[in-house]
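Asker: Each chain, written out:
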Amino acid sequence: MAEIEAVTDVLNGSRIIAAVKQAGIRFIVALPDRTTSEHVLKPMLADPDFQVIQVCKEDEGLSICAGLHAAGHRSLMMMQYTGLLDSVNTLRGVAMEGKNPICMLVGLLGKEPGVAPSKSARYGLRIVEPVLDAMSVPHLLVEAGADVAKMGPAIDKAYADSSSVVLLVGASPK
Amino acid sequence: MMKRDDFLKTLAKHRKDEVVVAVYSAAQEFIQIAPHPLNYTFTGAMGQGSSHALGIALGRPDKRVIVLDGDGSLLMNLGSLVTIANAAPGNLIHCLCRNGSYETNGSVPIPNRDKLSFTAMAAAAGYRRVQTISTLEEWDKELPGLMREQGPVFVDIEMQKGGSYKEDFERLYNPGFRDAFRHALAGSR
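First to last, the protein sequences are chains P and A.
Using my numbering, the letters of the first sequence map in sequence onto residues 99 to 272.
Using my numbering, the letters of the second sequence map in sequence onto residues -7 to 181.
Please keep in mind that the hints were generated in silico from the structure rather than gathered at the bench.
Glycine included, each C-beta is placed from N, C-alpha and C at the ideal position.
A few of these clues could be false.
Said to hold, decoys possible - Distance windows between CB atoms, simulated:
#	chain 1	residue 1	chain 2	residue 2	range
1	A	R121	P	A247	46 to 54 Å
2	A	P136	P	P236	52 to 60 Å
3	A	G118	P	R113	35 to 43 Å
4	P	A247	A	R174	39 to 47 Å
5	A	P101	P	L183	29 to 37 Å
6	P	K272	A	N78	24 to 32 Å
7	A	S109	P	P228	40 to 48 Å
8	A	R163	P	P228	41 to 49 Å
9	A	K107	P	K272	49 to 57 Å
10	P	M233	A	D54	34 to 42 Å
11	P	L183	A	G154	34 to 42 Å
12	A	K5	P	A232	44 to 52 Å
13	P	K119	A	K107	42 to 50 Å
Given these sequences and hints, build the entire structure.
Answerer: Shown next, in the form of structure tokens:
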């Protein structure tokens, strides 16, 4: 049985949005994810500081981010982990081999609170980090309020290195 | 039927400082027929050309962006028609280089090629203008107007392979050339 740690430092949607703005991102490319829809994506859709591009499938979103980068803009791709898994070939070709700085905010729908993704009872969640590791895609877990402070530096590093980063959202922001 | 290299040469004749995003055979040939710092071929995965083009078009609304898509490629990313129509970039021209086959992967026919209507799908998705081009003369005549049209514009052009050109996928997806494109685009105001 997975070991469960208490999460007391609650994740806050408005702090995530502030961190995204602080990172210089104005273009959001998104396919709704139940983890982040209510308190991250919906406020972004109503926020004039953001231009939200809604996509039909996640892989096209990665490529839109690459095009925006070519045009001189930072962007953030928002999706559920299932969409990330569906986009593995584009992640390979566009993000990794193409050395495009693609930043992804990925909701881990159904992850148990305080349980590491690799220890989840759900197969789909357990394989996310190993798949990213196999592809050498940097990732970090954003599950508690304190984790939000790591987002900006991770995004800056992605753009500095022409690398990519997956920010795994482990809890529904409030 | 129109030859692809004639189609590309005509595009090059009318092009000024537009960005051209191209995939597969059209990309291989266009970079040899018309080398240009604003040629973008770094699409990385099949089907993704229209999405790269959308990102560039939204990021640089002051520049015209022409994407040379393939029919097999578009089938792999059909949702991009809806995404593009919804984002509604006025500066995007989506050209479908329709040869009815997966030419790069052995010239196997695309599914249902005799019944498919890409123009119907683009129109239903919500493109502002949809047009079919049948001859080289028509392409030569219509292109200047299409490049001034408020987008997104979808142009279906039936064509077949013309001359033989060297394939160079390393060049097509080279991040160094992509960085050069970025710098060229940044300097092109």
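Asker: Next, verify each hint and record whether it holds.
Answerer: Cross-check of the supplied hints:
no.: 1; hint: R121/A to A247/P: 46 to 54 Å; result: holds, 48 Å
no.: 2; hint: P136/A to P236/P: 52 to 60 Å; result: violated, 46 Å
no.: 3; hint: G118/A to R113/P: 35 to 43 Å; result: holds, 36 Å
no.: 4; hint: A247/P to R174/A: 39 to 47 Å; result: violated, 30 Å
no.: 5; hint: P101/A to L183/P: 29 to 37 Å; result: holds, 30 Å
no.: 6; hint: K272/P to N78/A: 24 to 32 Å; result: holds, 30 Å
no.: 7; hint: S109/A to P228/P: 40 to 48 Å; result: holds, 43 Å
no.: 8; hint: R163/A to P228/P: 41 to 49 Å; result: violated, 34 Å
no.: 9; hint: K107/A to K272/P: 49 to 57 Å; result: holds, 51 Å
no.: 10; hint: M233/P to D54/A: 34 to 42 Å; result: holds, 36 Å
no.: 11; hint: L183/P to G154/A: 34 to 42 Å; result: holds, 40 Å
no.: 12; hint: K5/A to A232/P: 44 to 52 Å; result: holds, 47 Å
no.: 13; hint: K119/P to K107/A: 42 to 50 Å; result: holds, 48 Å
The structure shown violates the earlier hints numbered 2, 4 and 8.
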